[in-house]
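2 protein chains.
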Amino acid sequence: MTTDGSSPHPLDDAVALQRLTDDDVRARTTTAWSNMVGPFGGITSAVVVKALTEHPALLGDPLALTVNFAGPIADGEFDIALRPTRTNRSTQHWSVQITQNDAVVTTGSAVTGLRRDSWGSDEAPMPTAPTAEDLPQAAFPAGVNWVNNYDMRWIQGAVPEPTTGESDDSTTTMWVRDHPPRPLDHVSLASMADTFFPRIFLRQGDWVIAGTVTLSTYFIATTEQIAAQATDHVLATARTHRFHQGYHDQTAQLWGRDGTLLATSSQLVYFKR
Amino acid sequence: MTTDGSSPHPLDDAVALQRLTDDDVRARTTTAWSNMVGPFGGITSAVVVKALTEHPALLGDPLALTVNFAGPIADGEFDIALRPTRTNRSTQHWSVQITQNDAVVTTGSAVTGLRRDSWGSDEAPMPTAPTAEDLPQAAFPAGVNWVNNYDMRWIQGAVPEPTTGESDDSTTTMWVRDHPPRPLDHVSLASMADTFFPRIFLRQGDWVIAGTVTLSTYFIATTEQIAAQATDHVLATARTHRFHQGYHDQTAQLWGRDGTLLATSSQLVYFKR
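Note that the protein sequences, when read in sequence, are chains Y and C. Per this note's numbering: the first sequence = residues 1 to 273. Per this note's numbering: the second sequence = residues 1 to 273.
These are calculated hints, taken from the structure and not from any lab test. Check before you lean on any hint, since a few could be wrong.
The list makes no distinction among identical chains, and a pair is therefore deemed to hold if it is satisfied within one copy or across any two copies.
Simulated crosslink set (SDA-like; lysine to any residue; CA at most 20 Å straight-line) [claimed, not checked]:
1. Lys272 - Thr30
2. Lys272 - Asp12
3. Lys272 - Met36
4. Lys272 - Val144
5. Lys272 - Arg115
6. Lys272 - Asn35
7. Lys272 - Leu20
8. Lys272 - Thr31
9. Lys272 - Thr173
10. Lys272 - Ser118
11. Lys272 - Glu123
12. Lys272 - Glu54
Could you build the full structure based on these sequences and the hints that come with them?
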């Protein structure tokens, strides 16, 4: 409950932290973010960013985050240990470890830092797309809760339905925003960078056992540029280069509707097919 | 020196390890791999892979590696601590830390694992290119040693010369192999994935202060497919999506000449301009 008695946003609820020490916080899973096994990977990424931004020794804002999904997080509490491993003048390096019942379930690392004015270039243009308002909100079959926390609108590569069939292109491009709407910040952007269903679904035209092994997200935009998106849709695109012996890569980019590249991410996914 | 009295290959020399404990090995910098400040990042990635592949508890072969360049490695010895944080049935997660004189200089994580037969697809085609033999070997100005360990042949986006000028495209595509030639393995591939000069050089047409902050490499090919490349050239391509406030992303793919996608990588780079 928030101070005015209303329920918190599902994202804020899922990243609520209880501080144990400077370096350790406790969080818990929420049913709203459950995936096929354990919670949605994006919310794990988001709760680490939340913990980073609340760490008393934080320098700057998030530049890069890598999370490795070592084992499924069971329903209930889990502990996040964030340790600043090296603090430089303008960058700070962090080790990340999530444990649950004394088992390591997630490892990772992060880099935070100060930004400064420099030459810049928005080299990669945002893909052309119909406006979000002109596209229907995607519907998903029941059973996976986390998708209900997003308003997704397919531009290319919709999640397969029983009649869809195979595809020779792993690309999904979509408009995505939190549902209900919530002003964009590093926390929600970290989660959004993982909202692409596994690319193997698209190629196979079918739901397949699959999960992220490791996920790296780079925050290219400033805090102000992220905040400027407010509750607007973000244009997100992802693709795979190769599927081989149970693993595939995925690279993704997320733009603000104003054409600002907010974040890029890459992940390695395992699949069984 | 090797057992027959010949000098070892510069790459093997740079990744030679002295075992301290199961989890700890000692290595040292070599002048052949020096960069503008400290050693070339690729060789740091490679020495971690070497340490992984020699760890007595290793399961499978490298799937993913993230290294964060926390501070420059000074000339001399450094210690690599590799700790298996979680071992599953088919995957194993590792924490990586390099220290020198009690300071953390590099952090990271790795995933190793067993592969199994699955459906597969080489979705992204190798860029079309003239054969390596039809292109001249790239020349670099003196001062940065590591480039001399590679035979690079530009297809697109050569390293800028004083008269080159700015470019509106950050893409470099090249043939690259170890110089002198050395059979490809995970160790050399890890280093090769970082052989792109900083993309900011290309856009600015100038050498600029720049360095990798974090680098993630995914090994998509099997050990056999990597070994099958032998000493042949690899086709490598990299680009940036956005340069902003002192940082830019880079995504890269590396193919065997036979069209096999061997690895993908992404990195975040800082620059001053």
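Quick rundown of the hints versus the structure:
| no. | hint | verdict |
| --- | --- | --- |
| 1 | Lys272 - Thr30 | neither (27 Å within a copy, 43 Å between copies) |
| 2 | Lys272 - Asp12 | neither (33 Å within a copy, 36 Å between copies) |
| 3 | Lys272 - Met36 | within (14 Å within a copy, 44 Å between copies) |
| 4 | Lys272 - Val144 | within (19 Å within a copy, 45 Å between copies) |
| 5 | Lys272 - Arg115 | between (42 Å within a copy, 11 Å between copies) |
| 6 | Lys272 - Asn35 | within (17 Å within a copy, 42 Å between copies) |
| 7 | Lys272 - Leu20 | neither (39 Å within a copy, 39 Å between copies) |
| 8 | Lys272 - Thr31 | neither (26 Å within a copy, 45 Å between copies) |
| 9 | Lys272 - Thr173 | neither (24 Å within a copy, 33 Å between copies) |
| 10 | Lys272 - Ser118 | between (45 Å within a copy, 7 Å between copies) |
| 11 | Lys272 - Glu123 | between (36 Å within a copy, 18 Å between copies) |
| 12 | Lys272 - Glu54 | neither (38 Å within a copy, 29 Å between copies) |
Hints 1, 2, 7, 8, 9 and 12 from the earlier list are contradicted by this structure; the remaining hints agree with it.
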